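Asks: Working from the sequences, and respecting the hints, build out all of it.
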Amino acid sequence: MAIMQVSNLTKKFGGVTANKNVSFEVKENQIVGIIGPNGAGKTTCFNSICGFTKKTEGQVLFGDKDISNLVHFQIAGLGICRTFQHTTIFPEFTVMENILAGMYLKAETGIFSTIFKYGKIVKQEQKLEEAAHKIIKMVRLTGKENSIAKNLAYGQQRKLAIGIALATSPKVLMLDEPAAGLNATESKELVELIRDVSKTGITVVLVEHDMKVVMSVCDNIIVLNYGEKMAEGTPAEIRKNEKVIEVYLGTETD
Amino acid sequence: MVKNKKISNIILLAIIVLLPLVIRGSYSRGILILWAIYAILALSLNLIVGYMGLLSFGHAGFFGIGAYTSALVCLNLGFSFWPALLLTLIVVGVVGLGVGYFSIRLHGVYFAISTMAFSEIVRLIMTNWMSVTRGPMGLNDIPRPAFFGFNFSSELSYFYLVVAIAAVLYFIVHIIISSPLGRSFKSIRENQELSHSIGIDVAKTKVLAFTVSAMIAGVAGSLYAHYYTVIAPEVSGLFYSTVGLIMVIVGGKGTLLGPVIGAFIFTILPEALRATNQLQMIVFSLVLILTVIFLPNGLMSILKLSWGKQSRNKMVGR
Ligand SMILES: Nc1ncnc2c1ncn2[C@@H]1O[C@H](COP(=O)(O)OP(=O)(O)OP(=O)(O)O)[C@@H](O)[C@H]1O
Ligand SMILES: [Mg+2]
Chain A
60 MAIMQVSNLT KKFGGVTANK NVSFEVKENQ IVGIIGPNGA GKTTCFNSIC
110 GFTKKTEGQV LFGDKDISNL VHFQIAGLGI CRTFQHTTIF PEFTVMENIL
160 AGMYLKAETG IFSTIFKYGK IVKQEQKLEE AAHKIIKMVR LTGKENSIAK
210 NLAYGQQRKL AIGIALATSP KVLMLDEPAA GLNATESKEL VELIRDVSKT
260 GITVVLVEHD MKVVMSVCDN IIVLNYGEKM AEGTPAEIRK NEKVIEVYLG
310 TETD
Chain B
68 MVKNKKISNI ILLAIIVLLP LVIRGSYSRG ILILWAIYAI LALSLNLIVG
118 YMGLLSFGHA GFFGIGAYTS ALVCLNLGFS FWPALLLTLI VVGVVGLGVG
168 YFSIRLHGVY FAISTMAFSE IVRLIMTNWM SVTRGPMGLN DIPRPAFFGF
218 NFSSELSYFY LVVAIAAVLY FIVHIIISSP LGRSFKSIRE NQELSHSIGI
268 DVAKTKVLAF TVSAMIAGVA GSLYAHYYTV IAPEVSGLFY STVGLIMVIV
318 GGKGTLLGPV IGAFIFTILP EALRATNQLQ MIVFSLVLIL TVIFLPNGLM
368 SILKLSWGKQ SRNKMVGR
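Protein chains in written order, with the working numbering: chain A, 60 to 313; chain B, 68 to 385.
Mixed in with the good hints there might be a few duds.
Said to hold, decoys possible - Mimicking DSS-like on lysine-lysine, the simulated pairs with C-alpha atoms at most 30 angstroms apart in a straight line are:
1. A:Lys193 to A:Lys165
2. A:Lys203 to A:Lys182
3. B:Lys271 to A:Lys124
4. B:Lys73 to A:Lys182
5. A:Lys179 to B:Lys73
6. A:Lys271 to A:Lys196
7. B:Lys72 to A:Lys193
8. A:Lys182 to A:Lys230
9. B:Lys271 to A:Lys230
10. A:Lys258 to A:Lys247
11. A:Lys176 to B:Lys271
12. A:Lys113 to A:Lys165
13. A:Lys176 to B:Lys72
14. A:Lys179 to B:Lys72
15. A:Lys209 to B:Lys271
16. A:Lys247 to A:Lys86
17. A:Lys203 to B:Lys73
18. B:Lys73 to A:Lys165
19. A:Lys247 to A:Lys203
20. A:Lys124 to A:Lys71
21. A:Lys113 to B:Lys271
22. A:Lys209 to A:Lys271
23. A:Lys176 to B:Lys73
Claimed, not checked - If you want the footprint, here are the derived chain B segments under chain A, 3+ residues with CB under 8 angstroms:
24. 235-245
25. 265-272
Keep in mind the hints are simulated off the structure, nothing from the lab. Values in this document were obtained by computation on a predicted structure and should not be read as measured data. The beta carbon of each residue, even a glycine, is placed where N, CA and C say it ideally should be.
Replies: Below, the structure is given as structure tokens:
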């Protein structure tokens, strides 16, 4: 069953058409990869789906709900959470606070209940912290709970960013170049992490340049080129696709 | 850790409560009252400046509306202090909501300018709406509060009244900032884009914080009016907005205690320099500049060092 359906997505920035008539489907609990050369429109596609930019045309269905006209925080509320291509964390918070911040939607945040039912909030906080420990373990940051996020190593910050997204308990997790800047060991760990996430029933959509990562985790791959969908298929099919090899895979050195 | 903080808060409150036993004379105690009122104003500003990263130059507008609303309903409609304070909260809350709603979409310096424009408009209305505000002459004979027949007419009793109200507000702000709601304020300060992506309605949250902050500033204004019993449109002048901000920055923004310390310094300091009015602003500016250069996190950073890292509340992001 399709959990997400993107139809005829078009996004223009003035004269630049970043996405043109892009359509694809994401099935429940699949891992879907979006690949393509620099500037192909992958991030723009994420931004349009997640309501970070207003699409020029097109429709996005989440389940059978039309989310085309919703904005970012509403879409997050429905269960689609994305990470960013650049590392995006709360730098002055500890790791634990970063994850707790990600649980915003699960927490009671009304002004009146905060002031008048503070005891309840404190109890709730303990429950959230327990859940946060699980997420911290999942993204392999156990032991770093009290470290200030900005002091973490780059690779740890990338994992934390994924942890924040996981903390929202998404149905669909969208990762924009999660392997960017990671070394070989870290990328391998990332692959394991993505598989772990998938095992919990979360659907994963990822944009990625690291072909090893894409080919090893994805069930389905969508190839964008100059804003248009050029090909779609399983990793095996994409590897054999001549058009893809010509414009993209051929330039990959490894 | 948390317990330690609780104890230091209680000790601090005890010291404040005992202060008037050492500092005698109605003039000196008047300074203490002014300090407590400024502490409330700084507390309110800190909520948005320190915890949310929104720079408001217009809190004198709410301070002034608080002072005038409370005074006018007492003088013209025969309200006593407590119902007047309640009404003031509502009025300032509604105005804060409106100002917040329209200015929040502006960013950075444009937001600051729009809040400044707001407080100037408030001041102009107070100056020109002669039939209600009596213009530049201001209002006088504002009654002192009473409580079950007890009149807060002495400096000592008024000081305790302000400290009690300040303590309640301090506690409320503490609760807010150590809750998930307060964490969302700090999230917005830290990273707005990420806050959107985890489901925070940033605009709504900013308006909420701004409204709460405005209401607290309104309480400070009301207490100011009923203490001095005389007010003029200058209560909404830029002076109060700026002084409030300086107190927050010098004391330590984004810390609970910082504004209280900032308020203390900037009410005591002017007293030491009372003879030289001109010098006052220069010293203010100098202290501000020196703090920004040498103690970017305010005087609280010195205190924090001496307490060690334990002063950090577990539930609170910095
Ligand atoms: N805010 C914007 N304003 C104008 N043009 C933009 C904007 N964002 C993206 N573009 C353009 O849209 C095109 C697609 O950009 P996008 O960032 O989506 O590519 P990408 O596939 O994510 O590339 P990369 O692999 O480098 O991350 C590019 O030509 C880019 O210059
Ligand atoms: Mg990109």
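Asks: So, against the hints stated earlier in the document, which numbers end up violated here?
Replies: As far as the earlier hints go, not one is violated by this structure.
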